[in-house]
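Residues per chain are reported as follows:
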Amino acid sequence: MSGHLLTITLLLPLFGAIALLIVSRIASDRDARIVALLAALITFAVSLLVLRDFQTGEPGFQLVERASWVPSLGLSYLVGVDGISLWLVLLTTFLFPVAILASWKIETNVARYMVTMLVLETAVLGTFLALDLLLFFLFFEAILVPMYLIIGGWGSGNRVYAAIKFFLFTMAGSAFLLVGILFLYARSGTPGPATFDFTQLGSVAAGLPVQTARWLFLAFFVAFAVKVPLFPLHTWLPDAHTEAPTAGSVLLAGVLLKVGTYGLLRFNLSLFPEASRYFATFVSVLAVIGIIYGAVCALIQSDVKRLVAYSSVSHLGFVVLGIFAFTLQGATGGVLQMVNHGLATGALFLLVGMVYERTHTRELSEMGGLASVMPWLLGAFLFVVFASAGLPGLSSFVGEFLVIVGTFAVSHLFGSLAATAVILAAIYLLWSYQRVAYGPVREEHRHLPDLSGREVAVLAPVLALLLVFGVYPKLLTRSIDPSACAAVAQVQPAPAGSCADVGVPAQQVAAGAQP
Amino acid sequence: MVSQAHGLLWLLPALPLLGAVVNLFWGRRLGRYAGWLASATVIVAFGVALALMSQLLAKPAEDRLFVQHLFSWIEVGRFQVGADLRLDDLSMTMVLVVTGVGALIHVYAIGYMANDPRYGRFFAYMNLFVFFMLMLVLGGNYLVLYLGWEGVGLCSYLLIGFWFDVPENAEAAKKAFITTRIGDTLMLVGLALIVFRFGTLDFDAVFGTAGSVLTKDAATVIALLLFAGAIGKSAQVPLHVWLPDAMAGPTPVSALIHAATMVTAGVYLVVRSHVLFELSGVALTVVLVVGLITAIYAATCAIAQQDIKRVLAYSTISQLGFMFMAAGMRAYAVAIFFLVAHAFYKALLFLGAGSVIHGMHDDQDLRDMGGLRHAMPITFATFAIAALAQAGVPPLAGYFAKDAVLEVAQHTGRDAVYVLGSLAAFLSAFYLGRMLFLTFFGRARSDAARDAHESPPVMWVPLAILGFGVATAGWLNTTPEGRLAEFLREVTGLGPGGNGLGVLELSGIAVGLSLAALAVTWWIYGSGRVDPFAFRERLEPFPRAALHGWYVDRAYDTVLIQPAKAAAWITAYVVDARIIDGFVNAIGFSVRRLADRGRVVQTGFVRSYALVLFLGAVLILLYVGVRL
Amino acid sequence: MRTPVAYYLMLSGILFMLGTVGVLTRKNALLIFMSVELQLNAVNLSLVAFSRLHNDLTGQVLAFFSMVVAAAEVVVGLAIIVAIYRRRRSVDVDDVRELRW
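Taken in sequence, the protein lines are chains Y, V and C.
Heads up: the first sequence begins at 1 in the working numbering, then just goes up one per residue.
Heads up: the second sequence begins at 1001 in the working numbering, then just goes up one per residue.
Heads up: the third sequence begins at 2001 in the working numbering, then just goes up one per residue.
Since the hints were derived computationally from the structure, they do not count as laboratory data.
All C-beta atoms in this analysis are idealised placements derived from N, C-alpha and C, irrespective of residue type, glycine included.
Honestly, I wouldn't trust all of these hints.
Not everything, but these chain Y residues come out facing chain V in the computed CB check (under 8 Å) [unchecked claim]:
no. : residue
1   : D53
2   : A371
3   : G393
4   : S411
5   : Y438
6   : C485
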């Protein structure tokens, strides 16, 4: 049983979806919700087993499962986790039950909605777990359809436009990815069998002429850059986030965007190290622009969901910057931020959704004074606002700081520019919070209810994690570190031999100073 | 210095943290007890601090260092930051000030906030603030310090905007947080640079090797970035604009955060990092100049304020300027002593002002006051002591502190600083006298003043205790090389020394200036022989300009804020919506247009289909024919 | 004396062209069908002529195939036309325009 832990985690939501499909003929809406929640919770529990079985301190892939699919074509079913994907998997299995619980108030086509959610979960888990490139691509594309359905079917006003835009934009990018994958596959035929196995394609890619590798890097890059989203390929995100239902936004921001950054770290760096170095400045410039641009655009938004969407662009720019600094601190900080952003921005969308359910508006100008009406809701909101703004003691700070430190090692300029986002984040976050929570209350909002028990159950775990990971990030970094180190070392071999030395000056501190 | 592990340092910040958590979740149910609980945690913390102090004093000077490593906070490769606490002479002094003055203010607040519906929340935030402030001064490395640094900023935000249904309060809170964040971010860049150069943020490691690791220029950059944080937090020019507005918060908040503790964090930072500043040289000069400019600027603004709390706000800015002046001249012990004395008398002034406001039924305007010394004798007495202390009347604490700063200036040959500093001191005494006489002397100028009454004991007992402290604190450091300086020597090093005018001459000049200022203000504001309002009228437009801080706020708005908003609007709605997204939409649009053009071919007419078939066949035949 | 093959081919070509013109210009579906038959028969004629030329029976066999296919096509086509006529009372080909954009 334990030998197939990853597959079980991967397929459980899918089985849940099938079960739900069968049962939905006779079951009520309420039963559908419960079945879905159970499926997601069980998946989370199984993923905790994965966590337990994971050996921290090991850089390579663990719990690998391999099965032949179409041997003559070299297609195989190959899954595994390492320090980087482990926490992304856990983030996914954690956020899905939260999102499902947050979707309790959906009334139309409940069963169909829940089925779509569960299928989405399997697709996302697949992208994080797959080590066979075609399998990865399969899951990568598989994400698009359920998300498209969720946005288009249960979203708000402009949902059809947003859903189509999301779908076509992402698919256009992944067309390039497919070309890249097939090219590598074609080249892998000699010697040995052709394969899509990621671990083996690394050596294939190493044998390619430099120019070809650079083109391939770009092919992979485009697909992931759309998903991150990296400036200037980001414009699908504000619309998608704004029009999606609450749970859709939570998952989109919390998990789907990470697929892009994960792809960059996992594939672009390992398969094309020389190209990564060649394009590093270019990518870093885009990342820094995204950081500042996203924050500036967020400043002036009147729709609170759109504001959070732009803040995602800004935060994920940090992640990309950290990855392409090729230092251990930057890479670990980037992965850490992937998790942190998922939690913090996910929480923001949850809270915004709760406010929307009560006030039926997303316009900041139509709110105000809600803190006196719903102190606990807005208190949680304030907590998340400060977590998102990078208050030390809460999780985002450590990630941001590590990225800044890691970037400083290679470029003072980029590091400083990235730091300005800290100021901008405070401005747009506090200003929007003020317009929601402070000042006079509108007559129609005077009697809105505060948090319900279900809503507390949705928020409390997320907020608790934000605090725990802020105070003791070692929980995460001790497993992320070795894998991030390995990833970085492939691009930038460390001078002293250990990638832990990259980014922090070799000149070491007097022995007695470190307790 | 040999450090010694101490197992109980964590107790100091843990107590107020516990109080904060309890009050946050169960404050409602505790009712009246919330305030007493919060005060108790700080009082007990003060007791613990005293115990630790005695343990510290029992050791020889070189060994006065306790450290406690709580856990490993960040550990990524070779970059490690521990949750480290550090108790040396400097942090001991700060801890005593924070917990001592803090405890008194908490007790006072029990009375002041008695009727507030969110009483429990208030004390939760106050305790949380004390927690973060203690982390700031107890931090053994720059990151723990930064944790406290940002944390007090958070609490400041929460407390300034405590009465958030009034939009101005929320606005002031936001302004405070963002303005200080600008400084904080520059400081963060400084921290990143320290990591880049040293590989660690630990104080001992950094200060021990700074001489060999840093070039003068690198040290300058780092020191200036750190000082930028201090400028923000300690409201120095040009990031001072948040402090006067921060008076929107309840008066105990103003006393605790914006007088005694948070704003002094900048001074603490500079003194703690003095090794870096001294390596640079330039940085110290910058500190001195900024402090001097701020001291004079803020004093001129204080003279013209009509709100009693705003006078005190600008006064605080000015006094902080004095502290930075001292630090800029390497007289760190003097700066810290000034900090301690200032904590006492400024807190007392604020609490006294709160008592006045309380008695005036929430009227804060000086123009409405007058003759209150009859109705509120205890408040008057303590307020007067504090005002005289800050004005520099011996033998109260402020006299020794201010004198020390000017003495150092004179003795180190900085005559310009000495003269300008004395000018600032004169202005200080002036605005203090004005405030004192307008409030407590003359005839009552409004009904509120006529109906005024003294505050309850829970409020005036802390006032009395502070008054006693103000009167006696001078004992701590009667000269620049006094007892406190001796105590701090391990951390701060010796003062700058130097030679110049003797003690009597310097005191004579200083006291003379103070008394002269007090005399003038007595005559204008207190004696009744001059109409102060007419007097002010004749001086226009200067009083109005000074009232508005010489229009710095307006300048920021015009030059920075409005253009930034416009730029943001353009970025979001033109660049993003029209250009970038426009490009994306254009692609979609052109595909549709192409498709529209293309589908015209499907006419539905059988004959045209037949024709196309025929033509196609002809083409194929031609092609084949040519090929063959 | 044998008739030159060229005459047969010319006749075939003329017949084919007549048929093509008929297909392209006629409005009546039945007349279009007749023209198609004309085309097919023209092709049959040329097939037989070539068979004669090369003394190879393949051409004549192909002609048989062609005739069979023509017959089948006529059956299906006429059935469709009858069905359309029943619906619309018209065999005008311009009236059947549904398969358009």
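Hint by hint, here is what the structure shows:
1. D53: violated, 23 Å
2. A371: Given a least distance of 6 Å, the restraint on A371(Y) holds.
3. G393: With Cβ-Cβ at 6 Å, under 8 Å, it holds.
4. S411: violated, 11 Å
5. Y438: Holds - the Cβ of Y438(Y) comes within 8 Å of chain V, reaching about 4 Å at its closest.
6. C485: Where the cut-off is 8 Å and the nearest Cβ of chain V is about 7 Å from C485(Y), the hint holds.
When each numbered hint is compared with the structure, violations occur for hints 1, 4.
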